[in-house]
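Based on these hints, arrange chain U on the given structure of chain E.
2 protein chains.
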Amino acid sequence: MSALEIIQTRRSIRTFLKSPISVEDAVKILDAGRLAPSGFNRQNLEFVYVNNPQVLRMIKNCAPGFYGDAAAAIVLGIKEQKDEYEKERRKAFHRGESNIGALDIGFAAENILLAAHALGLGGCAIASFNDIGVRKVINAPEDWKPLLIISLGYPDTFPRMPFKKKLSEIIHHNRYGNKWEVLKE
Amino acid sequence: MSALEIIQTRRSIRTFLKSPISVEDAVKILDAGRLAPSGFNRQNLEFVYVNNPQVLRMIKNCAPGFYGDAAAAIVLGIKEQKDEYEKERRKAFHRGESNIGALDIGFAAENILLAAHALGLGGCAIASFNDIGVRKVINAPEDWKPLLIISLGYPDTFPRMPFKKKLSEIIHHNRYGNKWEVLKE
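Taken in sequence, the protein lines are chains E and U. In this text, residue positions in the first sequence follow the working numbering: the first is 51, and each later residue adds one. In this text, residue positions in the second sequence follow the working numbering: the first is 51, and each later residue adds one.
Okay, chain E solo, but in the shape it has when bound (with noise of 0.2 Å):
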């Protein structure tokens, strides 16, 4: 399939196969996710791979929307940036709220995700965690703040595409509130 296809295809896995993942196929998911663009290239994310059985039944209590028994897990956070210049710089572009981080795991989660369904496994993200738990679990030092989890493995069923927005209540031309007369109502 071509890269837009992969693109089209790809859903949200929450029932997966017994099959475990190969390291070869971990490997390649993971180094997608390295390869993904990053704020200033800073490259401050650092990913926790769990496949060991207790740990990755331990992550799932921490997560409620860990839906069904994944192979593996990769647990995506960010490593504190030391450098206080640039912690001021960016906090005096944003205001005081800086994304850059959330929008870095962002990027190179949607690589994972798409290098996984283009090789024929498949996962979910999930946001919504107990951070401490999950510190607990992976023995996180204090400077590295987990953001995001993906399931990881063979999918089982293959859902449907979920209800989806069309382009035409998303997109605005040029100034907010313009409609593109190109895209279909």
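Since the hints were made in silico from the structure, they are not lab data. Please note that the accuracy of each hint is not assured.
Pairs involving identical chains hold if they fit within one copy or between any two copies, as the list cannot separate such chains.
No farther apart than 25 Å at their CA atoms in a straight line, the calculated lysine to any residue pairs in the SDA-like style are these [what the hints assert, rightly or not]:
#, residue 1, residue 2
1, K78, R107
2, K195, F90
3, K195, I128
4, K78, M51
5, K186, S218
6, K78, L169
7, K216, R185
8, K186, Q104
9, K216, G183
10, K195, P114
11, K216, T59
12, K186, L169
13, K216, W230
Chain U in isolation, oriented as in the chain E frame:
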């Protein structure tokens, strides 16, 4: 190219040819953004596609990291949730810091960047901008928050891979701090 190759060869493009973007390609790229996952599938992202030269110039003036004469730009923003119950539920999970909006923008942005690359176009994600200025230029309402700008056009020069950390530097196995022995140092 396969989806994995598209992920591997995507670069942030900051110099562009003068060629305009066809409506067909623009729609495919925007649609890739639409098809990204979103937290709770609530789809509260809306994009402004800017190809009017005057509006584009004004957007550029608000974003010091916007390099090159891009043919177009996409401003990605979040429409605020009106559902108070949902808001409270998310706050409870994240102890007041919800990153779900920024994560959703990241998922959609990466789809957009990959779709652009797959079509021979390219662009760059720009998170640092004067959001009061951008809101004014595109006439954004109070309840819509721009979080990211993506420049878009045909690459003039295709940059080499920037410095990237090795996989072994960013991956932990099962517990934070555990090296994964399969990864090359």
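Hint by hint, here is what the structure shows:
Taking the shortest alpha-carbon separations for K78 and R107, only the intra-copy value of 24 Å comes in at or below 25 Å, while the best inter-copy value is 40 Å. Taking the closest pair of Cα atoms, K195 and F90 come within 25 Å of each other both inside a single copy (19 Å) and across two copies (22 Å). Within a single copy, K195 and I128 get their C-alpha atoms as close as 5 Å, and across copies as close as 23 Å, so both meet the 25 Å cut-off. Taking identical chains as interchangeable, the C-alpha atoms of K78 and M51 lie at most 25 Å apart whether they share a chain (17 Å) or sit on different chains (16 Å).
Taking CA atoms no more than 25 Å apart as the test, K186 paired with S218 passes between copies only; the shortest distance there is 22 Å, against 45 Å inside one copy. With identical chains, the CA atoms of K78 and L169 are at most 25 Å apart both within one copy (9 Å) and between copies (23 Å). Proximity of K216 and R185 under a CA criterion of 25 Å is satisfied inter-copy only: 24 Å between copies versus 39 Å inside one chain copy. Proximity of K186 to Q104 under the C-alpha cut-off of 25 Å is restricted to the intra-copy arrangement: shortest distance 14 Å within a copy versus 52 Å between copies.
In this assembly of identical chains, the alpha carbons of K216 and G183 never lie at most 25 Å apart, being 38 Å within a copy and 28 Å across copies at closest. In this homomeric assembly, K195 and P114 come within 25 Å of each other (Cα to Cα) only inside a single copy, at 19 Å, whereas the closest approach across copies is 29 Å. Proximity of K216 to T59 under the C-alpha cut-off of 25 Å is restricted to the intra-copy arrangement: shortest distance 16 Å within a copy versus 30 Å between copies. Proximity of K186 to L169 under the C-alpha cut-off of 25 Å is found in neither arrangement, the shortest distances being 31 Å within a copy and 44 Å between copies.
Proximity of K216 and W230 under a CA criterion of 25 Å is satisfied intra-copy only: 13 Å inside one chain copy versus 43 Å between copies.
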